[in-house]
Amino acid sequence: MLREIPNLEQPQATPDLHREDILSNLVVFCRLLREMGLHVTTGKLIDVCASLKHIQITQKQDFYCALRANLVSRYEELPIFDAAFRAFWEKAPQPEAVDDGCCGDGGEPGLSSEVGPLDLTSLEAAVEEDGPPEERLLPGYSPLEMLTQKDFSTFCEDEVATLRRLIARLAPKIATALSRRRKVDHRGAELDLRRSLRRSLRHGGDIVELMRRRRKVRKLKLVLLCDVSGSMDLYTRFLIQFIYALQNELRGVETFVFSTRLTRITQALRHRGMQQSLQELSRLVPQWSGGTNIGACLKSFNEEIGRGLVDGRTVVIIISDGWDRGETELLAEEMRRLHSKAHKLIWLNPLLGSPSYQPLCKGIRAALPYSDYFLPAHNLESLLDLGRTLQGLSRA
Amino acid sequence: MLDSIEEILESMRREKYITDRAMAVTIYLAYHLGKPLLLEGEAGVGKTEVGKVLARVMGTNLIRLQCYEGLDASHALYEWNYAKQILTIRLEEGGGRPREEVGRSLFSEEYIIKRPLLEAISSDSLVPPVLLIDEVDRSDEEFEAFLLEVLSDFQITIPEIGTLTAKQAPFVVVTSNRTRELHDALKRRCLYLWIPYPSFERELEIVLTKVPGIKETLAAQLCRFMQEVRRMDFYKRPGIAETLDWASALVLLGREELGRETVEETLGCVFKYYEDMRRFGGEQIASLLERVS
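Chains as they are written, first to last, in my numbering: chain G, 1 to 396; chain D, 397 to 689.
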């Protein structure tokens with residue numbers, strides 16, 4: 001069924017709504033959604049117009065549903081869309097503007113709380129202004145080069161938002177790199193003729209049994225262990241952002257944080273908004289910025305919490321500066337165990353970014369022999385490099 | 397058939413699928429615009445069921461493609477029936493037919509095993525079939541790209557036979573449990589609908605419709621219980637499917653109300669993971685029961 005090109009020449013259902021008004025309003029509304037981070041293209045706008053032909057525009061609920069079905073494509077976008085819709089298409093803001101079910105009642109708890117921190121000033125500006133959208137792009141995109149090289153610990157508040165966006169864009173690239181199969185295989189299950197012929201000897205040369213062969217598909221799984229103790233403070237907020245983005249782009253990622261204890265945060269990060277995830281995390285993780293006992297945490301990972309998670313297909317990434325208050329022998333022993341089970345073990349150290357750094361602290365010295373890669377993690381560029389390393393691993 | 401939004405709501409209700417106007421509008425638009433319908437939501441909220449119900453409502457076949465990790469084109473599209481081909485070769489060995497002719501006949505429609513996508517495209521039923529692509533998030537990006545190609549033109553080229561084009565495009569319903577983000581291109585192709593957990597009233601309606609013979613008070617207790625459980629933090633939150641299982645189990649056991657013992661005995665209907673069951677201990681059950689009774 002070919003999609004019809006929307007014919008807006010047809011008269012509307014009611015005389016109150018003029019065709020031009022609706023179209024221009026839709027255009028501005030889409031621009032607004034783009035401002036707020038939704039990926040709305042002209043194609044989608046055309047789809048909306050096509051959809052509107054099939055419904056009664058005056059029916060608010062149907063209008064809402066038609067717009068939503070075309071313009072939203074992710075669960076996270078729903079509350080943003082709802083807020084924008086309410087502010088734009090309704091004169092007086094009402095708490096429950098549309099019927100039950102449209103806004104997902106009975107859905108995830110805390111969904112409505114995500115609408116709160118929305119910046120309504122950009123909403124108003126978008127509605128008032130007539131200028132081209134490009135002018136209203138937030139500053140900070142220009143010196144991109146500088147940004148990728150800048151150490152996380154030196155970022156000031158206004159750069160943080162930009163950095164977060166960049167990190168979020170980085171994660172899908174890494175996810176793609178990791179999910180690529182070992183061998184591109186378009187034919188799937190193959191016939192293994194050699195074995196089939198061999199088998200046929202049992203039956204006097206008649207090929208009765210067909211032996212098949214499947215090309216091995218080797219997908220990497222990721223386990224992330226992130227140090228969130230006091231010494232890592234400056235870097236944690238960005239690394240968590242990175243981990244959050246990665247968690248939601250890729251299947252088969254398990255995430256843990258540790259300081260004096262190890263906590264699994266995979267579920268907490270999954271799919272909620274960043275704000276909610278952070279709230280969830282602060283609830284889950286008892287000591288966010290305490291001291292570190294890497295050895296004990298790795299031991300609890302190896303023996304209990306992470307049991308069964310690490311095998312020959314898993315890449316384990318430990319993000320830590322290595323400052324450790326625990327016993328070094330314990331750390332070394334647990335690193336050895338982990339290394340023997342995992343496909344590869346990568347140690348990311350934010351301190352490696354500093355040119356004068358030397359791995360002198362005993363934690364790092366104990367862990368180094370068991371790490372396959374020892375890489376920096378202090379700025380965007382280092383995360384990009386991590387992506388490339390992982391890509392290389394998945395091809396190996 | 398799918399002529400108005402109200403009709404969709406009514407006919408789905410007749411097939412015992414209780415839903416809201418938002419879904420009906422989205423289904424209506426998807427059908428009339430010729431776009432696939434993408435249903436996302438947690439496990440057990442009734443996404444797959446939509447495909448099945450729509451097939452019944454439309455009076456047409458349901459062709460189901462269950463996605464899984466490692467699914468590729470051949471499993472979704474077609475495969476040559478090697479066994480039959482080899483047997484034919486053996487049979488023809490003594491006969492007089494020229495080899496080229498035998499060779500050509502081996503690669504005809506007779507020797508193709510049609511998998512769901514080809515089935516959907518080559519369907520010649522009066523009403524286009526419903527093509528349900530279930531749990532597409534379990535497949536990988538490669539397969540998504542391939543799917544996108546197929547969904548764009550509903551055309552498949554089999555090198556030995558030629559190009560097959562669908563006489564009429566099937567109605568495509570794609571579901572995802574959101575274990576990973578789907579590729580943008582696929583999402584843009586579809587009309588999107590998120591199916592949340594139902595409200596108490598809706599869930600009660602569903603239970604009363606699909607589990608005849610259950611006492612309304614028990615059903616209400618059950619639904620309140622489930623609403624509470626979903627607010628708590630579990631590895632795998634139970635969906636409507638679990639509520640219905642539980643309701644049926646209780647009816648079978650002849651229980652008339654939720655007591656602590658009953659809950660402990662039938663907890664397996666609600667939780668399917670050991671850690672969840674372990675976490676939901678005796679006192680938790682008791683306090684929850686107090687809240688819902």
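Keep in mind that the hints were calculated from the coordinates and are not lab data.
Don't take each hint at face value.
[Claimed, not checked] Covered stretches of chain D (in silico footprint by chain G; criterion: 3 or more residues with CB under 8 Å from a CB of chain G, positions within the stretch not fixed):
{"no.": "1", "segment": "417-426"}
{"no.": "2", "segment": "571-580"}
{"no.": "3", "segment": "650-662"}
For clarity, every value in this text was computed on a predicted model and none was experimentally measured.
Each residue gets a CB set at the ideal place from its N, CA and C atoms; glycine is no exception.
Hint check:
1. 417-426: With 8 residues closer than 8 Å to chain G, the segment 417-426 of chain D meets the three-residue bar; holds.
2. 571-580: Since three or more residues must qualify, the claim that chain G covers the segment 571-580 of chain D holds, with 5 doing so at under 8 Å.
3. 650-662: The restraint on the segment 650-662 of chain D is violated, since only 0 of its residues have a Cβ under 8 Å from chain G and three are required.
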